[in-house]
Amino acid sequence: MLIKQLSVFLENKKGRFTEIARILGEAGVNMTAFTVAENSDFGILRLIVSDAEKAKEVLKSHRYAVNSTDVLCVECPNRPGALASVMTIITDADIFIEYMYAFSNGNKALVILRPNDLEKTVEVLSQNQVELLAINDLFRL
Amino acid sequence: MIWNETMECMNREDMRKLQGIRLKKTVERVYHNCEPYRKRMQEKGISPADIQTIDDIVKLPFTSKKDLRDYYPFGLLSSPMSEIVRLHASSGTTGKPIVVGYTRNDLAIWDEVGARCFTAFGLGKQDVVQISYGYGLFTGGLGAHGAVQTIGGTVIPMSSGNTEKQIMLMHDFGAVGLACTPSYALFLADAMKDSGIPREEFKLKVGAFGAEPWTEEMRREIESKLGIKAYDIYGLTEIIGPGVGYECQFQNGTHLCEDHFFPEIVNPETGEPMLPGEFGELVFSTITKDGMPLLRFRTRDLTRLIYEKCECGRTSVRMDRILGRCDDMLIIRGVNVFPSQVESVICEMLELEPHYFINVDRINNLDTFEVLVEVKEEFYSDEVNKLLDLRKRIVHRLQSVIGLSPDVKLVEPRSIERSQGKAKRVNDKRKFN
Chain A
1 MLIKQLSVFL ENKKGRFTEI ARILGEAGVN MTAFTVAENS DFGILRLIVS
51 DAEKAKEVLK SHRYAVNSTD VLCVECPNRP GALASVMTII TDADIFIEYM
101 YAFSNGNKAL VILRPNDLEK TVEVLSQNQV ELLAINDLFR L
Chain B
142 MIWNETMECM NREDMRKLQG IRLKKTVERV YHNCEPYRKR MQEKGISPAD
192 IQTIDDIVKL PFTSKKDLRD YYPFGLLSSP MSEIVRLHAS SGTTGKPIVV
242 GYTRNDLAIW DEVGARCFTA FGLGKQDVVQ ISYGYGLFTG GLGAHGAVQT
292 IGGTVIPMSS GNTEKQIMLM HDFGAVGLAC TPSYALFLAD AMKDSGIPRE
342 EFKLKVGAFG AEPWTEEMRR EIESKLGIKA YDIYGLTEII GPGVGYECQF
392 QNGTHLCEDH FFPEIVNPET GEPMLPGEFG ELVFSTITKD GMPLLRFRTR
442 DLTRLIYEKC ECGRTSVRMD RILGRCDDML IIRGVNVFPS QVESVICEML
492 ELEPHYFINV DRINNLDTFE VLVEVKEEFY SDEVNKLLDL RKRIVHRLQS
542 VIGLSPDVKL VEPRSIERSQ GKAKRVNDKR KFN
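Sequence lines, in order, name chains A and B.
Just so you know, the numbering used here puts 49 at position 49 of the first sequence, and the rest follows in order with no gaps.
For any residue, its number in the numbering used here is found by taking its place in the second sequence, counting from 1, and adding 141.
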């Protein structure tokens with residue numbers, strides 16, 4: 001239920017993301033979610049792909065700095081207040097969120113979370129019957 | 142091991158006597174054979190008769206890099222062209238290069254001093270040495286080549302470039318020694334890693350690195366990445382090339398071949414001699430060369446001399462690490478900045494690769510000072526804050542060492558150009574007209 005997220009360091013230069021998308025496309029790696037955290041000099045592309053190992057390998061061979069981090073993917077109903085109830089569980093357990101990104105489709109919403117305490121988050125969410133998705137679930141959507 | 146114990150371990154008093162005799166002979170030679178030197182001595186009102194001991198050296202005029210340009214190409218030769226058997230030239234970045242002519246005797250001296258270096262590095266006749274300094278006008282390649290041949294080692298005359306082949310031959314020929322610039326050594330370390338050949342399949346043990354200034358931190362970086370012991374080999378084209386000095390196994394300063402190249406330290410502004418042990422500009426006089434002897438050549442390198450006997454048994458004077466070059470010094474917002482200071486900070490931070498690039502510009506009458514650095518792969522994070530925090534620490538370290546706060550820019554892996562010869566690490570775009 002932990003999902004491998006890749007992070008790629010990118011200088012703020014034209015065409016960097018285009019190149020990454022091309023490299024992954026040519027390697028037959030599919031992306032399911034990504035986000036860019038940026039500041040004035042550089043950006044960090046975080047992405048979830050169909051084959052993390054392969055993506056890491058091809059990006060490294062193109063001399064990108066790639067690291068992987070474990071994240072969680074929570075599925076909740078696509079309606080007002082649903083996210084709040086999940087987040088309340090996390091906050092009540094004294095867990096801090098480093099970053100998160102989300103998308104919704106139809107009646108479902110998916111939230112990628114990077115908490116400061118992964119184990120504890122899994123524990124409290126499971127206790128509260130919040131569903132955590134595995135990487136295979138993401139590519140079955 | 143010591144190649145020439147008589148010269149390298151001579152007591153200081155005898156050495157000074159020998160230097161005096163050799164200087165006197167050299168002064169006579171240039172006075173009678175090189176017009177610019179004769180004129181300059183006459184202007185100062187001195188003749189060869191005024192030079193009797195090595196202490197008289199302070200009476201002699203200085204020679205500058207500019208003199209070598211002004212008398213380009215052969216104006217400072219003290220031998221007729223019929224005696225000159227080889228020419229070398231420095232990689233002059235501005236205008237004409239600096240040309241040096243060698244007689245057969247000069248080449249023999251070069252081989253001799255070079256042999257002292259490679260012997261001090263622990264290499265000998267049983268060892269294969271890969272020479273990855275550029276061959277050609279640059280003194281690095283052929284200088285190291287002659288040195289290794291003289292000690293009876295096996296030379297791989299590789300020259301620089303063609304990195305894959307460098308790694309292949311280093312492996313296949315079982316090179317024990319590597320001679321190149323320190324920045325190229327780091328480049329080769331990356332290439333070795335990329336080659337996928339396990340380190341234990343290489344026989345490499347010792348590196349002879351020089352031709353550009355490098356710091357103690359860079360040495361540690363090279364030693365850990367290449368898994369070797371890295372030695373400094375010092376030299377200047379104007380004096381002879383690599384072989385002017387070398388480190389022994391104690392690496393406590395660079396032993397100078399002072400029976401051939403007499404060193405002094407002077408105040409860079411006034412030219413007055415400094416006291417023994419004080420920092421100042423290094424000045425060399427060649428006291429045995431015939432082709433193009435130079436009197437009191439101002440190196441622009443800032444260092445100091447150590448006269449105490451070394452643990453290795455050698456009595457020859459040692460030169461401390463070079464602090465910087467008078468010429469490399471950047472004045473940014475009124476503060477003196479040496480690229481070597483930036484390098485020492487970059488190399489000591491374990492999150493960073495030992496590569497950097499400095500951009501200096503003047504925008505709206507204000508100097509800008511930007512330092513590009515590469516983060517080691519494992520330290521690139523998925524969290525922006527961690528990288529921003531790292532950047533803040535780099536700025537802080539640089540600020541405390543230099544006294545000036547640069548804009549530090551983190552760049553992608555391997556995006557800073559790896560040099561295959563002398564590294565260019567500064568771009569000063571300011572125009573001073």
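Watch out, some of these pointers could steer you wrong.
As the list claims (entries may be wrong) - Take a look, some chain A residues computed to stay more than 12 Å from chain B by CB distance:
| hint | residue |
| --- | --- |
| 1 | Lys54 |
| 2 | Arg79 |
| 3 | Ala109 |
As the list claims (entries may be wrong) - Derived pair list, reagent style BS3-like, types lysine-lysine, alpha-carbon separation capped at 30 Å:
| hint | chain 1 | residue 1 | chain 2 | residue 2 |
| --- | --- | --- | --- | --- |
| 4 | A | Lys54 | B | Lys334 |
| 5 | A | Lys13 | B | Lys565 |
| 6 | B | Lys366 | B | Lys206 |
| 7 | A | Lys56 | B | Lys533 |
These aren't lab readings, by the way, just hints derived from the structure by calculation.
Think of the CB as a built atom: it goes at the ideal place given N, C-alpha and C, for glycine as much as any other residue.
| message | Name the hints, by number, that the structure is in violation of. | response | The structure breaks only hint 6.
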